[in-house]
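Undergrad: As a plain string of letters, each chain reads:
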Amino acid sequence: MTKIDIIQNVYEKLGFSKKESSDIVESVFDIIKDSLAAGERVKISGFGNFMVKEKRARRGRNPQTGEEISITARRVLTFKSSQVLRKSLNS
Amino acid sequence: MTKNELIKKVRARCRTCSTQDIALAVKTILEAMAGALKENDRIEIRGFGTFTVRQRKSRVARNPKSGARVSLKDRRAPFFKTGKDLRARVENSR
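Each protein sequence line maps, in turn, to chains A and B.
According to the numbering used here, the first sequence is numbered sequentially starting from 140.
According to the numbering used here, the second sequence is numbered sequentially starting from 4.
Be aware that a few hints might be false.
Straight-line distance between alpha carbons at most 27 Å, and here's what the computed DSS-like set of lysine-lysine pairs gives [what the hints assert, rightly or not]:
1) A:152 <-> B:87
2) B:41 <-> A:152
3) A:142 <-> B:68
4) B:68 <-> A:158
5) B:12 <-> B:87
So the derived label-pair ranges between C-beta atoms look like this [stated by the list, open to error]:
6) B:66 <-> A:188: 14 to 24 Å
7) B:18 <-> A:226: 30 to 40 Å
8) B:21 <-> A:157: 15 to 25 Å
9) A:180 <-> B:64: 24 to 34 Å
10) A:211 <-> B:18: 38 to 48 Å
What the hints contain is simulated information worked out from the structure, not anything from laboratory work.
Using N, Cα and C, we set each Cβ at its ideal position, and we do this for glycine too.
Between the sequences and the hints, there should be enough to build the whole structure, so can you do that?
TA: So, in structure tokens, the structure goes:
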């Protein structure tokens, strides 16, 4: 499934035009991205939470060459699926 | 940001839409995505990330609070891999 399929779904099920459906779907992902880029947590009930986690600097290795490298402190995005979604996958 | 706040922000970008319309659109989007995962389909959103379904093996785990053993069955779990653009934006934020 890609964004096009999601847009098609919105278009078919609701009374929006193709353009409106596309704009809405784009807006949804853009707004979530902006919020996460600002370090905010995004909680979508029934689906899951997107969280920005702080990672400390550490020594790492290039798994291919074994060469030691230093990994700088950074922020990473994690997704924790909601129990509702996990249950629906296993029912 | 919660789902309701997301709905309000999307609404602010579409002057002709009612909040109810947008709430329904967001619901439809999430249902389409959950439906795809249920069918074992992967969802690829360019610039955002990819959702896939991973198979988890059965194992004996512990309730971290009580220490009691719990057995977990074979199960499917959603997995999200952040897209390159978003990863870079999050990494360098602040």
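Undergrad: Confirm or reject each hint.
TA: Hint check results:
1. Proximity of residue 152 of chain A to residue 87 of chain B is assessed by CA-CA distance (about 31 Å); at most 27 Å being required, the pair is judged violated.
2. Between residue 41 of chain B and residue 152 of chain A, the direct Cα distance comes to roughly 19 Å. Compliance with the 27 Å bound is thereby established for this hinted pair.
3. Of the pairs offered as hints, the one joining residue 142 of chain A and residue 68 of chain B is violated, with about 41 Å between alpha carbons and a cut-off of 27 Å exceeded.
4. Between the alpha carbons of residue 68 of chain B and residue 158 of chain A the distance comes to roughly 51 Å, so the proposed pair goes past 27 Å and is violated.
5. At roughly 24 Å between alpha-carbon atoms, residue 12 of chain B and residue 87 of chain B fall within 27 Å of each other, so this suggested pair holds.
6. For the pair residue 66 of chain B and residue 188 of chain A, the beta carbons lie near 22 Å from each other, so the given range of 14 to 24 Å is met.
7. In this structure, residue 18 of chain B and residue 226 of chain A meet the distance hint of 30 to 40 Å, their C-beta atoms being roughly 38 Å apart.
8. At about 19 Å, the beta-carbon gap between residue 21 of chain B and residue 157 of chain A stays in the expected band of 15 to 25 Å.
9. Distance hint check for residue 180 of chain A and residue 64 of chain B: the Cβ-Cβ separation is about 26 Å, which falls inside the suggested range of 24 to 34 Å.
10. In this structure, residue 211 of chain A and residue 18 of chain B meet the distance hint of 38 to 48 Å, their C-beta atoms being roughly 43 Å apart.
This entry does not satisfy hints 1, 3, 4, going by the numbered hints stated previously.
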